[in-house]
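Chemist: Order-wise, the sequence lines are chains C and H.
Quick note: the first sequence, position 296, residue 993 per the working numbering, numbers continuous.
Quick note: the second sequence, position 260, residue 957 per the working numbering, numbers continuous.
Just to be clear, a hint being listed does not mean it is correct.
Any copy, or any two copies together, can satisfy a pair, since identical chains are not distinguished.
[Claimed, not checked] Below, computed lysine-lysine pairings styled on DSS-like, alpha-carbon distance capped at 30 Å:
| hint | residue 1 | residue 2 |
| --- | --- | --- |
| 1 | Lys1025 | Lys1081 |
| 2 | Lys741 | Lys1081 |
| 3 | Lys950 | Lys996 |
| 4 | Lys950 | Lys718 |
| 5 | Lys947 | Lys727 |
| 6 | Lys741 | Lys1046 |
| 7 | Lys718 | Lys1032 |
By construction, these hints were calculated from the structure, which means they are not laboratory data.
2 protein chains.
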Amino acid sequence: MINIAILGFGVVGSGVAEVIKENSKSLSDKLQGQELNVKYILDKRTFPEHELGDRVTTDFDMIVNDPDIVMIVETMGGSHPAYEFTKRAIEAGKNVVTSNKEVVANFGTELLDLARENNVNYLFEASVGGGIPIIRPMWQCLAANEIESVTGILNGTTNFILTKMIDENMDFSEALKIAQSLGYAEANPAADVEGLDTCRKICILASLAFGNTISPDKVHCEGITEITLSDVSAADMLGYSIKLLGRAVKGDKNTYVITAPHLVSYENPMAGVNDVYNAITVCGNAVGDVMFYGRGAGKLPTASAVVADIVDIARECKKAITWTVAEKDPVCDYKEAKVRFFVRTDDKKANDLFPNCVFCTTDEGYAFITEENTESALCEALSKINVLSKIRVL
Amino acid sequence: MINIAILGFGVVGSGVAEVIKENSKSLSDKLQGQELNVKYILDKRTFPEHELGDRVTTDFDMIVNDPDIVMIVETMGGSHPAYEFTKRAIEAGKNVVTSNKEVVANFGTELLDLARENNVNYLFEASVGGGIPIIRPMWQCLAANEIESVTGILNGTTNFILTKMIDENMDFSEALKIAQSLGYAEANPAADVEGLDTCRKICILASLAFGNTISPDKVHCEGITEITLSDVSAADMLGYSIKLLGRAVKGDKNTYVITAPHLVSYENPMAGVNDVYNAITVCGNAVGDVMFYGRGAGKLPTASAVVADIVDIARECKKAITWTVAEKDPVCDYKEAKVRFFVRTDDKKANDLFPNCVFCTTDEGYAFITEENTESALCEALSKINVLSKIRVL
């Protein structure tokens, strides 16, 4: 019997217990007859009706001091006390599995180092892309590649809102209300719609892909709150869909990382990723582009990823995922990276100032896509016309 | 230093050598400083110009008897002597990595058992989906799930031909010629266009997903040679694309496995998988649908998957993939499985005989999609009208 403890019995934590129960037979087969047993659940609330209600405790010390516990599942969310509990668990020689992207993005480097020192695992497949396998495939299956870029639609809430705007011509605030009524967006949707959630996730993927810590506070981050229906329809006329992307590209000297809405060509399969679905495209120097697609959130999909990590540890498959702090912060100034902008303008000078671009007419004037240049040079050039909106192009 | 031998120095085998050389620095980092060394290449040909030309031998005994060799990469293709060499390598205590779907589909059960007995690995990520990570994600990342179905566009050649037919209104034989001229299809394209290649791959995936050996010779297999431009345009009118699918669905008692062209709704992301790209959708009971997408063939993508398996073994991560022979063959009679058919007909009786279906007019008559029923019942009903073509609907 493999005894585990679940910290935080919310949506994901209770989903983990459900998957372990529901698939107990096939899980036991995969673990050569051993069974997974949820010995403790740490939560301030009580769950008297739940069949595991008698496992609920508020005493973390009891859990961390119990030698029976080989693995701790952290599904609390938020940085504190999740970070402190994780640290103590690792120091006590427990393996830790988490779905908490905030802790991994902010403290991953330290916790991975600590896990290595203590000869235990710290695994976090569920922290990015919900149930979509992405951490392990990047680390293990694409091990033969030098990874050149990672581009992801990483937040289901914002993708749902953008899909409503694009398919049903609904404006941002109306689409947000529907997302909230369906439980996809929280009452305070800032972390989603302002891009922070996407930013944390692309930082985790970039750290893993390139081997150096990428901190969310070093990454330029824009959300979708300023996208208008005029942007959506002009982008469509030019053959593009608008998606909130987390994007990391390896350069010779440093790394370009950004979170921002982008135009994605209809010819790119990511343009067809709709509703709450997520997709991550990884480009490796041998394999080319590989895309992973599925539900990026939700109780059982996320729990599925957590339990996969549990099974991995129980199979004693040592992973030793690692990334290190670079001597010099690897994130480049995003303004010096080369990009193209989609621009909407009502300024007749635009045609003369951007003579090599194809213009299309919109209800408020014109839209065009710039040639590629550094963001700072393009912004300088665009400062000479009245810009209604500008969005980067993938 | 980790010494390996490559059996067969064709497209994939030479790609493996190229990836090992090109990415030697990052591979060595991932292997804690150890280097991969190609000590032998088994091939009847000589490669005097190649920098590894001096490693080429025709003597398999020398390879299998060399205690330095810990791993053998089988990229010969074909069943024989690849199967015999693999068996001898495993019996000699060597790990074996392969891209050879024919050997895995036909002899996988025996070779996996033999590998377990000899405490070595037999890994085959490259046998399905080229560089797309699929074997390991299914086995490892989706371990928390009971897998309910696997559906794949598994053959790049046929998908290229179908894309040409759909996008450019080119007929089958013309599209095949272009595929041949681009090197996507062989002079004798039978294994691709008649579905055998897809069939082998879906058998490997189904065996892995459901834990029982699924043999290609038990699986109903249709190719794309009879798909016409009339099918393509009528399917389009109804909102579908035509794709050659390998499909395996777990039932209560047995398993439905088929290789055949299917109509795929434009709302399904698999409908947008074009050209030589492959995609595999796995449905797990916790995660829902997860799709993996990328180049399904080609020198470096396939080599990338082979080298990932090499790295995995070198990291001493014991996988012990396994499936067993079921007491009773698990594949059900495909005629008793429930399906829907897309039907083209010039028979005016069709409207009366299928009153609940929506008909659209085509240049030769009508097209419609049947209600769901067993294939045998539908074929019986369709025998009463003159059918121009019928294709299953996903």
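Chemist: Run through the hints listed earlier and report the numbers of any the structure violates, in increasing order.
Modeler: 1, 2, 6 and 7
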